[in-house]
Each structure stands twice: as structure tokens, then as C-alpha cells.
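Engineer: Letter by letter, the chains look like this.
Protein chains: 2
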Amino acid sequence: MQTFGIAGLGLMGGAIALSLRDRCSVPVQKIFACDKDTDTLNSAQQDGIIAKGWLSENAGEMLSQCDVVFLCLNPSTLISFLEKWETSFKSGCLITDIAGTKGSIAAAAEKIRDDIDFIPGHPMAGTHVRAGGKTGFANSAFCDFTGKNYIITPLTRNKKENLVFLKDLIYKMGFANITEVAPIEHDQKIAFTSQLCHVIAASLIDCEPDTEITRFGGGSFEDLTRIAMLNAPMWTELFIENRALLLERIEQFKASLDTIKSLIGEAQAQKLEERLSLVRERREDMANRAGK
Amino acid sequence: MQTFGIAGLGLMGGAIALSLRDRCSVPVQKIFACDKDTDTLNSAQQDGIIAKGWLSENAGEMLSQCDVVFLCLNPSTLISFLEKWETSFKSGCLITDIAGTKGSIAAAAEKIRDDIDFIPGHPMAGTHVRAGGKTGFANSAFCDFTGKNYIITPLTRNKKENLVFLKDLIYKMGFANITEVAPIEHDQKIAFTSQLCHVIAASLIDCEPDTEITRFGGGSFEDLTRIAMLNAPMWTELFIENRALLLERIEQFKASLDTIKSLIGEAQAQKLEERLSLVRERREDMANRAGK
Chain Y
1381 MQTFGIAGLG
1391 LMGGAIALSL
1401 RDRCSVPVQK
1411 IFACDKDTDT
1421 LNSAQQDGII
1431 AKGWLSENAG
1441 EMLSQCDVVF
1451 LCLNPSTLIS
1461 FLEKWETSFK
1471 SGCLITDIAG
1481 TKGSIAAAAE
1491 KIRDDIDFIP
1501 GHPMAGTHVR
1511 AGGKTGFANS
1521 AFCDFTGKNY
1531 IITPLTRNKK
1541 ENLVFLKDLI
1551 YKMGFANITE
1561 VAPIEHDQKI
1571 AFTSQLCHVI
1581 AASLIDCEPD
1591 TEITRFGGGS
1601 FEDLTRIAML
1611 NAPMWTELFI
1621 ENRALLLERI
1631 EQFKASLDTI
1641 KSLIGEAQAQ
1651 KLEERLSLVR
1661 ERREDMANRA
1671 GK
Chain X
1381 MQTFGIAGLG
1391 LMGGAIALSL
1401 RDRCSVPVQK
1411 IFACDKDTDT
1421 LNSAQQDGII
1431 AKGWLSENAG
1441 EMLSQCDVVF
1451 LCLNPSTLIS
1461 FLEKWETSFK
1471 SGCLITDIAG
1481 TKGSIAAAAE
1491 KIRDDIDFIP
1501 GHPMAGTHVR
1511 AGGKTGFANS
1521 AFCDFTGKNY
1531 IITPLTRNKK
1541 ENLVFLKDLI
1551 YKMGFANITE
1561 VAPIEHDQKI
1571 AFTSQLCHVI
1581 AASLIDCEPD
1591 TEITRFGGGS
1601 FEDLTRIAML
1611 NAPMWTELFI
1621 ENRALLLERI
1631 EQFKASLDTI
1641 KSLIGEAQAQ
1651 KLEERLSLVR
1661 ERREDMANRA
1671 GK
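Line by line, the protein sequences give chains Y and X.
First residue of the first sequence: 1381, per this note's numbering; consecutive thereafter.
First residue of the second sequence: 1381, per this note's numbering; consecutive thereafter.
Looking at chain Y on its own, in the form it has when it is part of the complex (with noise of 0.2 Å):
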């Protein structure tokens, strides 16, 4: 049995390790974490999350023993983890990442060293809707990954054998989806799936500095801003990360929503209720393929 190991017990970090032991018969043993708070590391030891924690100033005393590496941090703390600590993974090991941005970690797992792997992936699940958007390794529970999508951006270099394993455990983990694209075709779709969404969220709410709103409140509106309750420094970092495909992608938007804005003011009733009717067809046939 391989020996795993988290870098950062954040939400998802915790949320991994819960799912490794409850779903994938991982025994607790077999569990580390490094993380930068000591009460963390602690209390998911005293919970029996984790075997044993290390600070992160000590993480290479953990990599050196782990088969599997699951680094669970912002994008820019990846890559200087990675450069940090490179030396330290143990030799054969299996690396992988939950980072939101794929092409420059992808970028960075290309140029590791050769007898270590790096598979780049984004389990696309989080808390917000449940938990009203808490973050932090105390929530880890709120954030079930059944029925949901993980995106991999497979390298040339990766090992066959380490990606049937990585989506093997991704199954047993709940996800029901699996999709292997290329870290750019990642970062188009994120883009617009992901970012550009909470872009919209978060500037519903910029404009309605009224609180009080919420009594004329029907359902549309709590759906739309549910993810404004982001993790701001997470979220700055993943706009500005991913910010030339994004500011593509809320050009797309603005363009569809200007149109639809004159066929309102200029009265055309016809014309809107086609567009509207389209609209409805295409998210009909989204739904029909997602099952949701």
C-alpha cells in the first residue's frame, strides 16, 4: 500500500484526505500532511485524518517518504513549493495538484525531475453552495465529491501506469467524471465555467450595495451570488493567473449580453423571444448531457 502525502490542509486538502480514507480504504497510517498551521496539522491527527503532520518548513522530511503526492495550493505557492522541495520527492513517486490554472503548473511538471511524475489535475468541487463558501481545512467535511467533474491535463512524460492508478483513486473518490485535455484547453474552458462566473457573482453584488434586497429575493438572484462568498485571495490570484483567457471570455459575455440589452430597449419582441428560445434549447441540451 502507497503512502500519501498532502501539501496544504486546506478545504480541499482535508476534503482529499477524508476521501482517501473513507472512500479509498487508504488506512490512516498511510496519510501525512504538511501544512503552515501547526493547530491544523493537530487537530486533523487528533481527528484521525492524518497519520502525522510536518510545518512546511519541514516538508521534505514528509515527500521523501510519500508515493503519492497530492499538493493542494494556490498556483504561485505550487510552483515555488515544487522548485523549494524538488529534491526531496521520493524516488518513483506519483505527484499531483487541485490548482484551478493549468499551464504554467503544467509548465513547471514538465521540467521536474525525471524519475518523479507530475499529473496535473483540478477536481472541479468545492463548498460553496452547501456551506455558504467557507473555506479552510475545518470545512473539509462540506465538501463531498460525488457526482462531480475532475479535469487532467496529461504530459507526454507522464507514466502510463501512474494515470490508470491517479483515475482509478479518482472514482473511488466519488467524482463521476473524468476529462483528459491539454492545460490550455483547461484554462479556455475554466475560463468560462469557472472565472468568468464568479466575475458575474461578484459584480451583481458590486453594484447593489443594498442588503435588504434579499425580501425581493425569488431564488434567480441567491443562485447567481451564491459563489460571491469566494476566497478573495484565492480568486484574485486565479483572475489574474488565467486573466488573458478570461478577458476573452467576459468580452463574450458582454457581447451576448449587449445584444440582448437592444433587443430589450429597442422593443423587439419577436426577435428577443427567438434568442430566448435558443437560449433555453442549448441549456436544455447542457442539462440533458450533464444530467443536472
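Think of the hints as simulated: they come from the structure by calculation, not from any bench.
Honestly, I wouldn't trust all of these hints.
Mimicking PhoX-like on lysine-lysine, the simulated pairs with C-alpha atoms at most 20 Å apart in a straight line are [as the list claims (entries may be wrong)]:
1. Y:K1634 x X:K1641
2. X:K1491 x X:K1528
3. X:K1540 x X:K1470
4. X:K1464 x X:K1416
5. X:K1432 x X:K1416
6. Y:K1634 x X:K1634
7. X:K1540 x X:K1552
8. X:K1651 x X:K1634
9. Y:K1641 x X:K1634
Just a few of them, taken from the derived set where beta-carbon distance is under 7 Å, the chain X residues facing chain Y [claimed, not checked]:
10. T1383
11. C1577
12. V1579
13. C1587
14. G1597
15. D1603
16. T1605
17. M1614
18. T1616
19. A1624
20. Q1632
21. S1642
22. I1644
23. S1657
24. A1670
In this text the structure is predicted, and so the values were computed from the model without any measurement.
Even glycine gets a Cβ: it sits at the ideal position worked out from N, Cα and C.
We have chain Y; now place chain X onto it with these hints.
Structural biologist: Chain X in isolation, oriented as in the chain Y frame:
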């Protein structure tokens, strides 16, 4: 016990009939309906949801017997219905409606016969989320009023006892909050919480032709676009009816979107993070006030 009449047995008309029977202890013998569709009326009668149905052209025969009338029609149909049948309403009856704009309807309600009383209303409920935006009488059972908001825009001419009666009925139906405002305030607030959100959801789908994009969805995209499965004729009418206020809201939203876009484009990490932190705090305030 009063006799209730429902004009228009669509999704909401059906849901109100069900709710009168099941939550307000109104005997089915006291629930009537009129509709343009014979099959709908027959089906409602067979299912024990109404005692008797009339085709729209015979609505007068129903209205002359009803103490409380719910007009469950689109705004434009509603106003012409009211004009056509004004002389048929029973003297002393209470009329209310469910339309998503209130300005023109309140104006029409001001002008009706002195011996009948029209309190304009807007139940903030639908089926988007649970039933994937399904409409029509057949989906009425998916439209649950529990915990939802209800807006009424009373007129100075409304009788106090009718207001008390209607509000009591609304709470019995399961709604959690009743907000009383002027019609113009309703239309301003709803332009934001409801119409702008539908325009945004529609624009998001409008700008992305790839229906396979859902493989990259993590919940945000799904939440922001579920309401794009909209009733195109109804929303076309609501958008155009309320266009002056809606266009203002679209411009406010675009201003916030452009500000956030600029901060991203200029990689102004600190300012962006500050702005997103304020957004998060404001949305959390809203959630705390509304309990969701």
C-alpha cells in the same frame, strides 16, 4: 367560506389551486378556474384540484360567483382580461394577481369598479431549480411556496380587511415573508433580483455554443445558468414591459463588471482582492439577513 376563482391554470395558477386545497383548507367545491385550454380544465377537475372549469370566453360566468379571484396571467393578457370582464366580477370581491411587473397592473387596478378591490401581488416562486424550468399546469406540483418571498403593492383604495385576509392566506400557502411596497419600488427591485439575473443567465448561454462545456462545470456554471431554461414568451414580455428600469440595472452591472475586469487586466492584485473581500462580506450579510 369564500368561493375562489383562478383565471389562468398555468404553472402558478395550478400551484395556487393546489395550495388553497392542501394548505388553506379550502374545500375543492369552492375552487373554480377558467383557462383557454379544455384539456387542462378537465385534467384539473378529474384530479380534484378544482370543482368546475370554464373556457376563457365564458370567464364572466365564473367571475360572477367568486369572492376571491387570482389572476394568473401574463401582464398584457391580464390587463385586457380585466378590461373585458370588469362588469362580470361579483360585487365586493377581492382580486389579486401574480405578475412579475406591477406598475401597469397597479394603474389598471386603480381604475376598476369601486365595489371591487384589487390588491396587486407577486409570489416569488417558480420551478426553475427543481424541475429544470418546466412550465404549465402539469408541473404545478413542483412549485413549492414554502419559505418563499411574496411582494404585494397595495393601493390606498384597498380595504383593510381584504389586506388582512390576503396576507393571512399568503402565509397559510407557505410563504415566509410578505413585503409591502409601492409598485415602482417593486419594479426597480425585481429588475435587479429577477430580470437582470435572467438576462445574465441567458447571455452566458448565448455566448457559448459548445454544449459539451458542462464537462468543465463544477457547480458555478450550472447555478448561474439553470434559469436560462426560461419561459421565453413570458420573459420577453416581462423584460420589455419593465425595460426602462431593467436597462438601468444592466448598465449598473456592466459598470461593476468593467471595474473588476480592469483590475484583472491590469493585474492589480491588492485592489482586486480588497474589492472581492467587500463583495464577500456584503453577500454574507445578505445571506445572514435572508437565512440563505
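Engineer: Taking the hints in turn, state whether each one holds.
Structural biologist: Hints and how they fare:
1. Note on K1634 of chain Y and K1641 of chain X: the hinted pairing holds, with a Cα-Cα distance of about 11 Å set against a maximum of 20 Å.
2. As the CA atoms of K1491 of chain X and K1528 of chain X are separated by approximately 30 Å, the hinted pair breaks the 20 Å bound.
3. Distance restraint check for K1540 of chain X and K1470 of chain X: the Cα-Cα separation of roughly 19 Å lies within the 20 Å cut-off, and the hinted pair is therefore satisfied.
4. About 15 Å separates the Cα atoms of K1464 of chain X and K1416 of chain X, which keeps this hinted pair within 20 Å; it holds.
5. Pair hint K1432 of chain X plus K1416 of chain X holds up; C-alpha atoms about 14 Å apart against a cutoff of 20 Å.
6. Distance hint between K1634 of chain Y and K1634 of chain X is fulfilled; the C-alpha atoms sit about 8 Å from each other, no more than 20 Å.
7. Of the supplied pair hints, the one linking K1540 of chain X and K1552 of chain X holds, its CA atoms being roughly 19 Å apart against a limit of 20 Å.
8. A distance of roughly 19 Å separates the Cα atoms of K1651 of chain X and K1634 of chain X; the hinted pair therefore holds under the 20 Å criterion.
9. Under the criterion of a C-alpha separation no larger than 20 Å, the hint pairing K1641 of chain Y with K1634 of chain X is consistent with the structure, at around 11 Å.
10. With a cut of 7 Å, the hint placing T1383 of chain X at the interface with chain Y is violated, because the nearest CB-to-CB distance is about 29 Å.
11. Satisfaction of the interface hint for C1577 of chain X is found here, the shortest Cβ-Cβ separation to chain Y being roughly 4 Å, below the 7 Å cut-off.
12. Interface restraint check for V1579 of chain X: the shortest CB-CB distance to chain Y comes to about 6 Å, inside 7 Å, so the restraint holds.
13. A cut of 7 Å between beta carbons decides the hint on C1587 of chain X: the least distance to chain Y is about 4 Å, and the hint holds.
14. Interface hint status for G1597 of chain X: upheld, as the beta-carbon distance to the closest one in chain Y is roughly 5 Å, under 7 Å.
15. A distance limit of 7 Å between C-beta atoms decides the matter here; for D1603 of chain X the minimum to chain Y is near 5 Å, and the interface restraint holds.
16. Hint status for T1605 of chain X relative to chain Y: holds, with the closest Cβ pair at about 6 Å, below 7 Å.
17. For the restraint placing M1614 of chain X at the interface with chain Y, the shortest Cβ-Cβ distance is roughly 10 Å, beyond the 7 Å limit, so the hint is violated.
18. Annotation: T1616 of chain X was flagged as interfacial toward chain Y, and the flag holds, the nearest CB pair being 4 Å apart, inside 7 Å.
19. Checking A1624 of chain X against chain Y by beta carbon gives a least distance of about 9 Å; that is not within 7 Å, so the hint is violated.
20. Residue-level restraint check for Q1632 of chain X holds (minimum Cβ-Cβ distance to chain Y is 4 Å; threshold 7 Å).
21. Annotation: interface hint on S1642 of chain X violated; nearest CB of chain Y at approximately 10 Å, more than 7 Å.
22. For I1644 of chain X, the interface hint holds, the least distance from its beta-carbon to any beta-carbon of chain Y being 5 Å, beneath 7 Å.
23. Against a cut-off of 7 Å between C-beta atoms, the interface hint on S1657 of chain X holds, since the closest Cβ of chain Y lies about 4 Å away.
24. Checking A1670 of chain X against chain Y: minimum C-beta separation of about 4 Å stays under 7 Å; hint holds.
Violated hints, listed in ascending order, are 2, 10, 17, 19 and 21; each of the other numbered hints is respected by the structure.
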